[in-house]
Amino acid sequence: MKRVEVKLSLAVVAPLLDLIKRMVDDLRGQLAAPHSLQDLDEELGAAWKGELLDDQKEDCHRFLALFDREFFASGMVAFDDHNAESVLRACAAIRLRLRDRELRGLSDDALEGAGVDVAQLDDAVQKAYLCYVFLATLQELIIQHLDSAILEG
Amino acid sequence: MITSSARTDVAPAPRTETERALAGIWRVVVLNDPVNLMSYVVLVFRKVFGFDEPTARRHMLEVHEQGRSVVWTGLREKAEAYVFTLQQWHLTVILEPDETR
Chain H
1436 MKRVEVKLSL AVVAPLLDLI KRMVDDLRGQ LAAPHSLQDL DEELGAAWKG ELLDDQKEDC
1496 HRFLALFDRE FFASGMVAFD DHNAESVLRA CAAIRLRLRD RELRGLSDDA LEGAGVDVAQ
1556 LDDAVQKAYL CYVFLATLQE LIIQHLDSAI LEG
Chain B
-4 MITSSARTDV APAPRTETER ALAGIWRVVV LNDPVNLMSY VVLVFRKVFG FDEPTARRHM
56 LEVHEQGRSV VWTGLREKAE AYVFTLQQWH LTVILEPDET R
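Protein chains in written order, with my numbering: chain H, 1436 to 1588; chain B, -4 to 96.
Below, in silico cross-link-like pairs of lysine to aspartate or glutamate (DMTMM-like), each with a Cα-Cα straight-line distance of 20 Å or less:
#	chain 1	residue 1	chain 2	residue 2
1	B	K42	H	D1515
2	B	K42	H	D1516
3	B	K73	H	D1474
4	B	K73	H	E1486
5	H	K1442	H	D1503
6	B	K42	H	E1575
7	H	K1484	H	D1474
8	B	K42	H	E1587
Taking beta-carbon pairs under 10 Å as the criterion, some of the chain B residues facing chain H (in silico):
#	residue
9	V39
10	R41
11	V78
12	Q82
13	L90
In short, the hints are calculated from the structure, not lab data. Where a beta carbon is used, it is the ideal one built from N, C-alpha and C, also for glycine.
Go ahead and model the full structure; you've got the sequences and the hints to work with.
Structural data, given as structure tokens:
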């Protein structure tokens, strides 16, 4: 089993966790991406959404479990076959929620092209943008090192 | 031996409006979003559809540049299963009838 350990800067990452947890709380009961099958009957539609919400909640739970006692002691987080997919999906969900809630003032072009002048943002948006970039960095790390495990899993 | 006179012809039950609407061939269409990383979308396409890297990349670029890509075409039930899986990965996806057939 391949395992990737990453040492994060506690000084940079720890202050982002309260906003990340707030976004996870905000995702309870709501899907990160629109659920758009209009012609499902009501019962099937509710079951469909319920199952997606359960999966989203489980993924976010596994993601938050990275930031445990060991992380706060050493800054280390670890990815492997067991958590890589969940962490990837949770990062996607939280980034989508950050975009909807905290980064509405930034254009799609700015977000896609990373053409954001962080120094020009007010403190709250700056923090949200740092979370957004941090989560993308975790995704890139996982994709770079564990893509085979994910594709074969 | 079953003779033709013994055969019972069963007329098909009339199809409801919904059944008629859901029959036929459907397209699974992924729409662009400004959030998900290109590398993430490529990985999801490879994982969900078993695409090779160039095919997954081609679909990802279609989504990115044209706003949408038809990633699968076929019967409704399987199309719904793909939509569900893509939604688990937080891609924005719709189903539309393939009216070209």
